[in-house]
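Model the placement of chain H on the given structure of chain L, informed by the hints.
There are 2 protein chains.
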Amino acid sequence: MKNKQIILVKKPEGMIDESHFAAVFTDVPAPKDGEVLVKNRYVSIDPYLRLLTEEPATFSRGVQVGSRMESWSVGEVLESKSDAFKPGQFVVGYLGWQEYGLAEARDLRRIDPSLAPLPAFLGVLGMPGITAYFGIFRYGKPQAGQTVLISAASGTVGMTAGQLAKMHSCRVIGIAETEEKCHYLVEELHFDRAINLSQRSLIEGLKEDAPEGIDLYYDNVGGETLDNALLFLRKNSRVVICGMISQYNVKTPYALKNFDRLHSARATLKGFIVADLMSQWPEAISKLERWVKEKKLKHKENIFHGLENAPKALHSIFTAAPIGKTVVEV
Amino acid sequence: MKNKQIILVKKPEGMIDESHFAAVFTDVPAPKDGEVLVKNRYVSIDPYLRLLTEEPATFSRGVQVGSRMESWSVGEVLESKSDAFKPGQFVVGYLGWQEYGLAEARDLRRIDPSLAPLPAFLGVLGMPGITAYFGIFRYGKPQAGQTVLISAASGTVGMTAGQLAKMHSCRVIGIAETEEKCHYLVEELHFDRAINLSQRSLIEGLKEDAPEGIDLYYDNVGGETLDNALLFLRKNSRVVICGMISQYNVKTPYALKNFDRLHSARATLKGFIVADLMSQWPEAISKLERWVKEKKLKHKENIFHGLENAPKALHSIFTAAPIGKTVVEV
Numbered sequence: 001m002k003n004k005q006i007i008l009v010k011k012p013e014g015m016i017d018e019s020h021f022a023a024v025f026t027d028v029p030a031p032k033d034g035e036v037l038v039k040n041r042y043v044s045i046d047p048y049l050r051l052l053t054e055e056p057a058t059f060s061r062g063v064q065v066g067s068r069m070e071s072w073s074v075g076e077v078l079e080s081k082s083d084a085f086k087p088g089q090f091v092v093g094y095l096g097w098q099e100y101g102l103a104e105a106r107d108l109r110r111i112d113p114s115l116a117p118l119p120a121f122l123g124v125l126g127m128p129g130i131t132a133y134f135g136i137f138r139y140g141k142p143q144a145g146q147t148v149l150i151s152a153a154s155g156t157v158g159m160t161a162g163q164l165a166k167m168h169s170c171r172v173i174g175i176a177e178t179e180e181k182c183h184y185l186v187e188e189l190h191f192d193r194a195i196n197l198s199q200r201s202l203i204e205g206l207k208e209d210a211p212e213g214i215d216l217y218y219d220n221v222g223g224e225t226l227d228n229a230l231l232f233l234r235k236n237s238r239v240v241i242c243g244m245i246s247q248y249n250v251k252t253p254y255a256l257k258n259f260d261r262l263h264s265a266r267a268t269l270k271g272f273i274v275a276d277l278m279s280q281w282p283e284a285i286s287k288l289e290r291w292v293k294e295k296k297l298k299h300k301e302n303i304f305h306g307l308e309n310a311p312k313a314l315h316s317i318f319t320a321a322p323i324g325k326t327v328v329e330v
Numbered sequence: 001m002k003n004k005q006i007i008l009v010k011k012p013e014g015m016i017d018e019s020h021f022a023a024v025f026t027d028v029p030a031p032k033d034g035e036v037l038v039k040n041r042y043v044s045i046d047p048y049l050r051l052l053t054e055e056p057a058t059f060s061r062g063v064q065v066g067s068r069m070e071s072w073s074v075g076e077v078l079e080s081k082s083d084a085f086k087p088g089q090f091v092v093g094y095l096g097w098q099e100y101g102l103a104e105a106r107d108l109r110r111i112d113p114s115l116a117p118l119p120a121f122l123g124v125l126g127m128p129g130i131t132a133y134f135g136i137f138r139y140g141k142p143q144a145g146q147t148v149l150i151s152a153a154s155g156t157v158g159m160t161a162g163q164l165a166k167m168h169s170c171r172v173i174g175i176a177e178t179e180e181k182c183h184y185l186v187e188e189l190h191f192d193r194a195i196n197l198s199q200r201s202l203i204e205g206l207k208e209d210a211p212e213g214i215d216l217y218y219d220n221v222g223g224e225t226l227d228n229a230l231l232f233l234r235k236n237s238r239v240v241i242c243g244m245i246s247q248y249n250v251k252t253p254y255a256l257k258n259f260d261r262l263h264s265a266r267a268t269l270k271g272f273i274v275a276d277l278m279s280q281w282p283e284a285i286s287k288l289e290r291w292v293k294e295k296k297l298k299h300k301e302n303i304f305h306g307l308e309n310a311p312k313a314l315h316s317i318f319t320a321a322p323i324g325k326t327v328v329e330v
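So the protein sequences, as listed, match chains L and H. For what it's worth, full-length UniProt numbering labels the leading residue of the first sequence as 1, then goes sequentially. For what it's worth, full-length UniProt numbering labels the leading residue of the second sequence as 1, then goes sequentially.
So here's chain L without its partners, still in its complex pose (with noise of 0.2 angstroms):
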């Protein structure tokens, strides 16, 4: 029995692709005390696996040339060495790209797999959903009525902040790039508004969207969509930055012109990493699971099958951009 990984084969400079990874085969290992092994059933492809291949990482533990790609997965226990798990159960782990992953017991998660389809407790119920719960409870921090502005607003980040400032009686507007994106925005997850890209300027949105201007601007993207947002930042609003995606494929980074509005509006910005907060993510994992279940909040993922193409998920997040999470089946 073999285990294939997937490690990095160079660093990249500009935009990511397959010709940085390999496959490659190693032993499977065995658990020690206190040790679980899971067979991976999904691994995660998220924006931040970019930043990782970085040098210096820009967060921690990065990937050097010839080491396993990490990311979360879902996946199966196999053996184990804890009284914690069993074979059979399904856990959540940070075990990498790779068919087979030794973990602690202390660092996986075990997860009921009848509340939602695996592939969502990487999603809506994994990292991305519990780094949009943080974001607007704890750092946005929108009240009822108030107008939010989310950009990426159709990858899962997005798509549970937007839902969750609903829920909250928010007026919220998305960003995306396709028709496609701003439908399933407005009309399945009743966002207020959807200002697509491809046919209107994020400024001719804005005028149009939110004329009195925005209260919370929830940003994912960085760059020239956080530049323009800036222009419409209201009196005392606020300002998250919870990712740059548009700037991790790029050499120079986008040069920001509207900084000064930040001080004009007496504007609040806080940048965050939802990897700091993670003694807290049971309380947001247990309130997200309840929505969930009650269907107050919706999800999607898109599913690549077969680990040697985790490289190409990852290439396709950046370019194709899919709506909701992507994961790959392994």
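Don't take every hint at face value.
Derived lysine-lysine pairs resembling DSS-like cross-links, with alpha carbons at most 27 angstroms apart [said to hold, decoys possible]:
{"id": "1", "chain 1": "H", "residue 1": "Lys257", "chain 2": "L", "residue 2": "Lys257"}
{"id": "2", "chain 1": "L", "residue 1": "Lys300", "chain 2": "L", "residue 2": "Lys39"}
{"id": "3", "chain 1": "L", "residue 1": "Lys141", "chain 2": "H", "residue 2": "Lys235"}
{"id": "4", "chain 1": "L", "residue 1": "Lys166", "chain 2": "L", "residue 2": "Lys295"}
{"id": "5", "chain 1": "H", "residue 1": "Lys251", "chain 2": "L", "residue 2": "Lys235"}
{"id": "6", "chain 1": "L", "residue 1": "Lys257", "chain 2": "H", "residue 2": "Lys251"}
{"id": "7", "chain 1": "L", "residue 1": "Lys11", "chain 2": "H", "residue 2": "Lys257"}
{"id": "8", "chain 1": "H", "residue 1": "Lys11", "chain 2": "H", "residue 2": "Lys293"}
{"id": "9", "chain 1": "L", "residue 1": "Lys257", "chain 2": "L", "residue 2": "Lys235"}
{"id": "10", "chain 1": "H", "residue 1": "Lys11", "chain 2": "L", "residue 2": "Lys235"}
{"id": "11", "chain 1": "H", "residue 1": "Lys166", "chain 2": "H", "residue 2": "Lys298"}
{"id": "12", "chain 1": "L", "residue 1": "Lys257", "chain 2": "H", "residue 2": "Lys11"}
{"id": "13", "chain 1": "H", "residue 1": "Lys251", "chain 2": "L", "residue 2": "Lys207"}
{"id": "14", "chain 1": "L", "residue 1": "Lys251", "chain 2": "H", "residue 2": "Lys207"}
{"id": "15", "chain 1": "L", "residue 1": "Lys235", "chain 2": "H", "residue 2": "Lys141"}
{"id": "16", "chain 1": "L", "residue 1": "Lys141", "chain 2": "L", "residue 2": "Lys207"}
{"id": "17", "chain 1": "L", "residue 1": "Lys235", "chain 2": "H", "residue 2": "Lys257"}
{"id": "18", "chain 1": "L", "residue 1": "Lys11", "chain 2": "H", "residue 2": "Lys166"}
{"id": "19", "chain 1": "L", "residue 1": "Lys251", "chain 2": "H", "residue 2": "Lys257"}
{"id": "20", "chain 1": "L", "residue 1": "Lys257", "chain 2": "H", "residue 2": "Lys235"}
{"id": "21", "chain 1": "L", "residue 1": "Lys2", "chain 2": "L", "residue 2": "Lys312"}
{"id": "22", "chain 1": "H", "residue 1": "Lys300", "chain 2": "H", "residue 2": "Lys39"}
{"id": "23", "chain 1": "H", "residue 1": "Lys141", "chain 2": "L", "residue 2": "Lys141"}
{"id": "24", "chain 1": "L", "residue 1": "Lys251", "chain 2": "H", "residue 2": "Lys235"}
{"id": "25", "chain 1": "H", "residue 1": "Lys293", "chain 2": "H", "residue 2": "Lys166"}
{"id": "26", "chain 1": "H", "residue 1": "Lys312", "chain 2": "H", "residue 2": "Lys251"}
Rather than coming from a laboratory, the hints here were simulated on the basis of the structure. Quick caveat, the model's predicted, so the values are computed rather than measured.
For chain H alone, kept in the frame of chain L given last:
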């Protein structure tokens, strides 16, 4: 008896100077019930005045062509139709660049001239000092032992903010452009370090003086200084945007390259304008007055003589940028 006033005669594009103003004479107004006539002794010269001439004005109550320039001033009550004031008392008000000003009694603050020279009531004991107080304690919230970086550190806001941070047991680094200013910051105000931008770049200076980064950046200048300071933000650091003096006279705003550091540092940025807190100014004033009296807070004023020199004085704070508070003796 005539009232000399300085009016705006054309909107500046780029640097503001004497060509944008003219002196005119009007009648001295007579106070009605509840009003007070004040003979201005000093009028205030502040960077934000430049913003009042923008179209639209960045902050409330812009100055139109043909109108008298606004500003804080300190003066003596000449005639009072209010029980709250008597002739001979000294007051601070928002009376503008003129010899005589009329105000509702409720809009004047009585001051005790034995506390400090009159110009100080427009500096450390006026709007700039109050700005530093709220900027540090309300928004910056540095903790004892943290490293605080302050730009335009030899201006009234900067020097007051730095001294407040020192009183709060922070390590304080000031940024200025001359040896004289840096000497003043370190020798007179007991800043821990001062970075003289005419001798070393901010990046070099911070590598030397803040090798572990900064916990709070208190920014008064914006532009390239801000951009470079962002590179040194520590995890969970804070940025207070108090002013952007480098940007007030430029036609094309500086484009910020290092915005992403606000995300990777998980920073909190807050833009603020002290006029929004006016109902809370008495809290700040009573503390600032006590600290000035106890000689815990030093201050410095530069006096231009003659109201007709107010435009020249305004130009000078953007070019020569003298140490401390600039006022014009009427």
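request  = For the pair supplied as a hint, Lys300/L and Lys39/L, confirm whether the alpha-carbon distance does not exceed 27 angstroms.
outcome  = Distance ~23 angstroms between Lys300/L and Lys39/L Cα, so the pair holds.
query = Regarding the pair Lys235/L and Lys141/H, is the alpha-carbon distance no greater than 27 angstroms?
reply = holds, 22 angstroms
ask   = Straight-line Cα separation of Lys257/L and Lys235/H no greater than 27 angstroms?
value = holds, 25 angstroms
ask   = Taking 27 angstroms as the top limit, are the C-alpha atoms of Lys251/L and Lys257/H close enough?
value = Holds, because 12 angstroms separates the two Cα atoms, which is no more than 27 angstroms.
query = Taking 27 angstroms as the top limit, are the C-alpha atoms of Lys251/H and Lys235/L close enough?
reply = holds, 24 angstroms
key: Lys251/L paired with Lys207/H [C-alpha distance capped at 27 angstroms]   = holds, 24 angstroms
message = Holds or violated: Lys141/H and Lys141/L, Cα atoms, limit 27 angstroms.
response = holds, 20 angstroms
message = Tell me if the straight-line CA distance from Lys2/L to Lys312/L falls inside 27 angstroms.
response = Holds. Lys2/L to Lys312/L sits at ~23 angstroms (cutoff 27 angstroms).
ask   = Holds or violated: are the alpha carbons of Lys141/L and Lys207/L at most 27 angstroms from each other?
value = Holds - the C-alpha atoms of Lys207/L and Lys141/L are around 24 angstroms apart, at most 27 angstroms.
query = Given the hint that Lys11/L pairs with Lys166/H, does the C-alpha gap stay at or below 27 angstroms?
reply = With Cα atoms ~45 angstroms apart, Lys11/L and Lys166/H exceed 27 angstroms; violated.
key: Restraint check for Lys11/L with Lys257/H, where alpha carbons must lie at most 27 angstroms apart   = It holds: about 23 angstroms lies between the C-alpha atoms, which stays within 27 angstroms.
task = For the pair supplied as a hint, Lys257/L and Lys251/H, confirm whether the alpha-carbon distance does not exceed 27 angstroms.
result = holds, 12 angstroms
Hint violations for this structure: numbers 8, 18, all remaining hints satisfied.
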